[in-house]
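Based on the sequences and whatever the hints tell you, model everything.
2 protein chains.
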Amino acid sequence: MINYEALFKISYGLFIVSSGDKNRGNGFISNTVFQVTAEPPKFAICCNKNNFTAAFIVGSKAFSVSVLHTAASPDIFGRFGYKSGKDFDKLEGMDVGYGESTGVPIVLNDSIAFLECRVVQTVDAGTHFLFIGELLNSGILDDIKEPITYNYYRQIRKGVAPKNAPTYIDKSKLGPKIQVAALKKYECTACGYIYDEAVEEKRFIDLPPDWVCPSCGTAKEDFIEVTA
Amino acid sequence: MINYEALFKISYGLFIVSSGDKNRGNGFISNTVFQVTAEPPKFAICCNKNNFTAAFIVGSKAFSVSVLHTAASPDIFGRFGYKSGKDFDKLEGMDVGYGESTGVPIVLNDSIAFLECRVVQTVDAGTHFLFIGELLNSGILDDIKEPITYNYYRQIRKGVAPKNAPTYIDKSKLGPKIQVAALKKYECTACGYIYDEAVEEKRFIDLPPDWVCPSCGTAKEDFIEVTA
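Protein chains in written order, with this note's numbering: chain A, 1 to 228; chain B, 1 to 228.
Simulated from the structure, these hints should not be mistaken for laboratory data.
Mixed in with the good hints there might be a few duds.
Note that identical chains are pooled: a pair holds if it fits in a single copy or bridges any two copies.
Below, a list of computed lysine-lysine pairs in the DSS-like style, where the Cα atoms sit at most 27 Å apart [what the hints assert, rightly or not]:
no.: 1; residue 1: Lys49; residue 2: Lys185
no.: 2; residue 1: Lys145; residue 2: Lys171
no.: 3; residue 1: Lys158; residue 2: Lys145
no.: 4; residue 1: Lys171; residue 2: Lys22
no.: 5; residue 1: Lys202; residue 2: Lys49
no.: 6; residue 1: Lys145; residue 2: Lys49
no.: 7; residue 1: Lys185; residue 2: Lys220
no.: 8; residue 1: Lys61; residue 2: Lys184
no.: 9; residue 1: Lys220; residue 2: Lys49
no.: 10; residue 1: Lys145; residue 2: Lys173
This is the structure in structure tokens:
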């Protein structure tokens, strides 16, 4: 029997994985970036085949990783985690560097370190590709701030995984603990964040009109009431 | 240019990955366990080809993952992280369960959750295999304790990666910051933990004779002086 709560015990960081070139690129929030060999240093990333960034990685055979810190702005998660680059240029207006070996864009906002990798293997894992890249360049952007973990994002920042994430869990699979309703709940239509009146001890309607989703920065008016 | 310090900004958990059967099995400390797809839930683990456990995973086409907590004993890291199952039976005397679908051993000591997976893909990543397994069973063993992260192990518990780990870094590749010597340093011959007199503000010789390595539990007498 699969207990889906057990899956939340696996620790991950949170990153922006980007690809493309100076003319057009894209990036997405990833929690699956990990080193697979030390000699030479190689990193694997997991990317939903439907992610707009997947095509850029396949095309350029390169990707960058930006390591986000614990105080990264909700806008970063909203822009890179819950919206698609098919609809707008996610990199426009951002602080972007370019990899010195491959030219891939590297998002510098709210990041403490970066990696630049050239893809040496692509593994078809079903709904997701696993891209394995050899590390070409890496650097520290901020040595004081702490890297954000997925656990921190969930527990402290109340964030949730988007549908394309390898760790996305359909709420119906979780136990009754978090399905028990009291007062009302409102869901962010962008990221799925739930405002729970029972937890917050404040009615949603009483929040100021300029209140935004603490997870992704979406406006209050774009929340919908959750019906059981 | 590769800055190896940047690699420490990638977040990981710490786990025991085990395989084999009721007669003989083995396990090792891993920091690379991560979900790769949600439908169906599949997990990848990274395993050095020289690890004794690798042959068990290839043979049984199954593995388990035990999620360690922040207070896991140094003995667990010593036994599973810095010693080889070629020399002794790591599972002897441990609290071991067996997967209900595959029969793989699951270490229960100091663990808060477990996964049982059947291998569906094996990727040759050079020095390491990447085993991708479909999740068959999972469970919570302790819902109060927190999962340990590699960062916590390094910064709070002062642990270091063993040579077979994908994240192992040869100290000569790191900057001068941590190579500057003051007073003396002593290295654990089992796990490589460094006792630095300048940091600890206590001479190694003044430590009690029953003092053990805080990372892996090895005796004081098995430390050697580090010469520049």
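How the hints compare with the structure:
1. Lys49 with Lys185: neither (32 Å within a copy, 50 Å between copies)
2. Lys145 with Lys171: This pair counts as between: shortest inter-copy Cα distance 23 Å, intra-copy 32 Å.
3. Lys158 with Lys145: Classified as both; 20 Å inside a copy, 19 Å across copies.
4. Lys171 with Lys22: neither (39 Å within a copy, 36 Å between copies)
5. Lys202 with Lys49: Answer is neither: 40 Å inside a copy and 55 Å across each miss the 27 Å cutoff.
6. Lys145 with Lys49: neither (32 Å within a copy, 35 Å between copies)
7. Lys185 with Lys220: within (13 Å within a copy, 57 Å between copies)
8. Lys61 with Lys184: neither (47 Å within a copy, 47 Å between copies)
9. Lys220 with Lys49: Classified as neither; 31 Å inside a copy, 52 Å across copies.
10. Lys145 with Lys173: Intra 35 Å, inter 23 Å, cutoff 27 Å: inter-copy only.
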